[in-house]
Amino acid sequence: MSNGTPSSSAPAASRYARFSPGRIWTLAAATVTQLVRMKILAFVIVFCMIVVAMGFAFPVLNPEQQLKFLKDVSFGALQFFSVVIAIVATAVLMPRDLEDRTLYTILSKPVPRHEYLIGKLLGVLVLLACGLVIMDVVLSGVLYLRQNIVLGQALQAMEHEGAATPENIASVTASVAKQGLTWSLHVGVLAIFLKASVVAALALLISCFASTTLFTIVITFLFAIAGHGHQLFREYFLEGKTTVAMEKIGAAVLAIVCPDLGMFDVVDNVTKGDAPPVSDMLYLGGMALVYVTGYLVVSHLLFVEKEL
Amino acid sequence: MSNTDDSVSPANESSARSAGPRSAEAVTVENLTKVFKGQLGKKAFVAVRDLTFSVQAGEVYGLIGPNGSGKSTTMKVVLGLLAPTAGHTKIFGTDSARVESRQDVGFLPENPYFYKHLTGMETLLFYGRLCGLHGARLRDRAREMLHLTGLENASDRRVGGYSKGMLQRIGLAQALVHEPRLLVLDEPTAGVDPAGSRKIRDLIMEFKKRGITVLVTSHLLEQLQEVCDRIGIMDNGRMVREGRLDDLIAVENQTEIVLEDASPELLARIRDLVAADAGKASVKQMGNPRTTLERLFLKATEDKDQ
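So the protein sequences, as listed, match chains A and B.
1 is the number of the first residue of the first sequence in my numbering; add one for each residue after it.
1 is the number of the first residue of the second sequence in my numbering; add one for each residue after it.
No lab work stands behind these hints, which were simulated from the structure alone.
Where is the CB? At the ideal position from N, CA and C, for every residue including glycine.
Heads up, a few of these hints could be off.
Pairwise CB distance ranges, derived in the manner of DEER restraints [what the hints assert, rightly or not]:
id: 1; chain 1: A; residue 1: LEU98; chain 2: B; residue 2: GLY191; range: 12 to 22 angstroms
id: 2; chain 1: B; residue 1: GLY191; chain 2: A; residue 2: LEU232; range: 47 to 57 angstroms
id: 3; chain 1: B; residue 1: VAL35; chain 2: A; residue 2: PRO277; range: 55 to 65 angstroms
id: 4; chain 1: B; residue 1: GLN56; chain 2: A; residue 2: VAL36; range: 42 to 52 angstroms
id: 5; chain 1: A; residue 1: THR293; chain 2: B; residue 2: ARG241; range: 45 to 55 angstroms
id: 6; chain 1: B; residue 1: PHE45; chain 2: A; residue 2: VAL297; range: 22 to 32 angstroms
id: 7; chain 1: A; residue 1: LEU98; chain 2: B; residue 2: ALA195; range: 46 to 56 angstroms
Here are the simulated DSS-like cross-link-like pairs (lysine-lysine), alpha carbons at most 30 angstroms apart as the crow flies [as the list claims (entries may be wrong)]:
id: 8; chain 1: A; residue 1: LYS306; chain 2: B; residue 2: LYS209
id: 9; chain 1: B; residue 1: LYS116; chain 2: B; residue 2: LYS164
id: 10; chain 1: B; residue 1: LYS43; chain 2: A; residue 2: LYS306
id: 11; chain 1: A; residue 1: LYS39; chain 2: B; residue 2: LYS164
id: 12; chain 1: B; residue 1: LYS209; chain 2: B; residue 2: LYS164
Next up, chain B with everything else stripped away, as it sits in the complex (with noise of 0.2 angstroms):
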């Protein structure tokens, strides 16, 4: 899926209107120690230790690691819902303690409930008024989110009756109806079937272009593979690994050539000059490409619905 529209504008629109101190990193988390009490006796939880990484303004942040690595702890901190036991994180330049940090920020948590009782376009008017937005401007910038996330069939329907897929749909539109700078994105896929979940990846894909800054967590880890820009891989509450995607990823001693058409004759051609080269090289692997399973499927039911 491609969205082509406007109706998230870009970056230096929303900047415009931002009261905040500009800053080129949208996340700022220095040192940060997430450190839960123990209850009645029982020993108290390092959640995240001496945690510190960046998010610079307009690129996609993938925040991956197993359960209970400290992801959700990091963004809770980062977005004031928790208090950090030491460090601090910061918005935009805005300590995230200061409720003001929040104007610019769009979160979606993971597994999202919203008042069932609400239609979704009664949903979008309440999280919009909430970030100062009202009248006829308000009502056209839910509709828009309505549209953008493929849910205006489903605007007059209680919340209550949407599926997992819609849930998470409506969850983006309430994120983006005040048209934040930095999206905060905690397992944005989870429990959505493959097709709703490419067109997650999708909108992410077009948040970035216009300029939004995206942290995510995923468990899927080829799907960020396709929108981030950097990966910071926790475990136990500490950072192991961080850095651009395309470094973490390649493998440097290794080089790829992909073929098409290629005649056996050809390829048998490639294997001797590789065999008569002095150097040390030699082919690893030799064979069709394969495609990934969320592609077969994606395909297999794009036909069936064709």
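Chain A on its own, in the form it takes in the complex (with noise of 0.2 angstroms):
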């Protein structure tokens, strides 16, 4: 240590807020910066790069569906690698902190429980953010090109025929150009944002009460997986297709514990070249909205109780 230093006026800090959105930036930036230093981003984008020009190596029947698998392999690992890493992300995150004492620290500073719980959170979602948005500009990318060389080869391929009338011409463009790069591609990559957050949000609250990393991402995955089932849940639940009393209580728990996952699959549709309403994306992202709420509500009550 070093005897000595300049001196220097004494940097006051600022009066206590009660919430602070300063604070909850700071900790989600260090949230970002720790996952992406922990590889994790990079690790998607290689991967789904590598399915995306796998996309191109499919052999198919017509130019549609050329797009269309290129599209489905593409979303699929999308959504598949999305709501893996929300959950291995977020699951980790509690733990590490606690272990390391890294989470004394932090809470010894004037920093409430929630804003940590908030910041941890956000982190991860300006992560999965930031790694979707960079896929949705690849897969565009490569989407666009595909799409010009498939309508080029149809083209030619009409002509060569001697079929390529003005109306066959048209018909063929207008049905790449659905199949193409369209709005609806973005659409689809923010209906499985907003999955993914859904499933961060039921990360963090799980890793509340976990005692292990591995617990959580189980039982994380396990819920997410039941999430999908949802509508078959509430239909046992609601609608008394089961007489059994206990598989209707399981049913009935299940239905609201579990976040209703199925409802954020719009995929098909937007592989299919149809963009769903914006009436539909609004209610999806209230959903999320409530959901993301209710699960950070129930994940402070837990963690304000937590001995550390």
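Once you've looked at the hints, go ahead and assemble the two chains, each given alone in its own frame, into the complex.
Here you go:
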């Protein structure tokens, strides 16, 4: 340690604010840096790019199918990895902070526990959003290129067959355009982000009482799988398709606890080239917000009682 | 080591910005009891039992005791990391349960680890921002703390590559970054070599000079003896002895005289004087005083460095 330090005017810390977006953003930014330096994002990008490249390799029957395959594979990869990253990235954060005692140094500063939770979740969501935006840009670029190549090949084939009438050209162009790059693609990516946000908030909730990271990951995966069958549970519970009381109770509990992840599956429509209506997307956005807020509130209730 | 810098502002400067109520007591612990609930049929564990003590503003208070005596639990309750089962704790008059009580506290946990992916500088900026500091003033403050703790040359290195002693020092720097009036140090010298340990001890002395209150636990009792004004000894969750250090360690019926270059004749005359005394006085020990192993180590390594 050194002797002597230049004196300076005392930097006055600001007065304590009960809710500080600045503190939340500081925690979120540190979380993003932590996850990025854990190479999580790089792994997703590399893997998804490989998948996109594989999309080119599929043998196909017609131009629309080529584009649909590309979108199917890419969206499948995006969905899978966004959910995996949402769960894994969120699950490792709090146990690691607790294990390394970083949580002590953070919470011994004037940081309310709810801000810690919001900051951590926000960091994961920012990372997910960045990853999905990058992939969206890559996918859009690849799709646009592929769309032009496919259209060029189709027109060439029509000319070769002597079928290049204005009507046929317009029909093929419209068909390829519908399966090519459209706004519905971005809407699909947005829906994937909303679903991943809900799953991340659920993982955060579970990590508030879980004793190990593995437990959080496994339980969240199970809930995520169950969440895709939410409609089935609702039907059992609300429409009385089963008469066994325990089954009804179990279905009811799951229907309440599990998020309805099935509602975010608009990707099938998107890959067909159909964009969901704006009202549907607003509804999905609202529901995602309700789920995330609800899970955060429950997380706080658990975390505030947690003995550190 | 002696630090003569002004980077750690005096308590009155710090207190001028504090929004909390004024209090002569930096830490107040009243009838604190902490019981950890038993899980899966296990019995509940009483970590702290009806503990009461206070730390006056500006003093260095040492909390000592064997492992499991409740020192760390007490510190965690004071910092609001644990909720008391009964009783309450206050920091400068504000209940520890209130988040704003932590505005004036810096905490160094035992064996601290920080975000491995951040550099030393980034670590201090992160903790400074959490305390409401920002901009150029935060950067200046972070640089001052790196200088104070001797980590300037490691400021761009990731904390994951820091040695044990460096981790303790970056821990001290983050605890001080927002100029707290109270420092809570849990085993600040654990796992640190004697030279690093001595440096941390000297820093505590410097904080004391500047009016910063320090609540510290350590197993190195000799070091605590050198820096603490008052000591509390805990055992089995209870305070078994507490008071001013000088009062606690003084042997009241003995007197120590240390002579330099005394001849054997002089020593013999002193013995004779004592023997001739009509009272009960007797010479208990006479010989060369011993240095400590720590001082010997430090002197040997310093000589080698030179």
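Each hint, compared with the structure:
1. LEU98/A <-> GLY191/B: 12 to 22 angstroms: holds (20 angstroms)
2. GLY191/B <-> LEU232/A: 47 to 57 angstroms: holds (55 angstroms)
3. VAL35/B <-> PRO277/A: 55 to 65 angstroms: holds (57 angstroms)
4. GLN56/B <-> VAL36/A: 42 to 52 angstroms: Holds, at about 46 angstroms.
5. THR293/A <-> ARG241/B: 45 to 55 angstroms: holds (52 angstroms)
6. PHE45/B <-> VAL297/A: 22 to 32 angstroms: holds (31 angstroms)
7. LEU98/A <-> ALA195/B: 46 to 56 angstroms: For LEU98/A and ALA195/B the Cβ distance comes to about 32 angstroms; the hint is violated.
8. LYS306/A <-> LYS209/B: It is violated: about 37 angstroms lies between the C-alpha atoms, which goes past 30 angstroms.
9. LYS116/B <-> LYS164/B: Measuring from Cα to Cα gives roughly 13 angstroms; hence the hint holds.
10. LYS43/B <-> LYS306/A: holds (19 angstroms)
11. LYS39/A <-> LYS164/B: Given pair LYS39/A, LYS164/B holds - Cα atoms ~26 angstroms apart, limit 30 angstroms.
12. LYS209/B <-> LYS164/B: At roughly 27 angstroms apart (the allowed maximum being 30 angstroms), LYS164/B and LYS209/B satisfy the hint.
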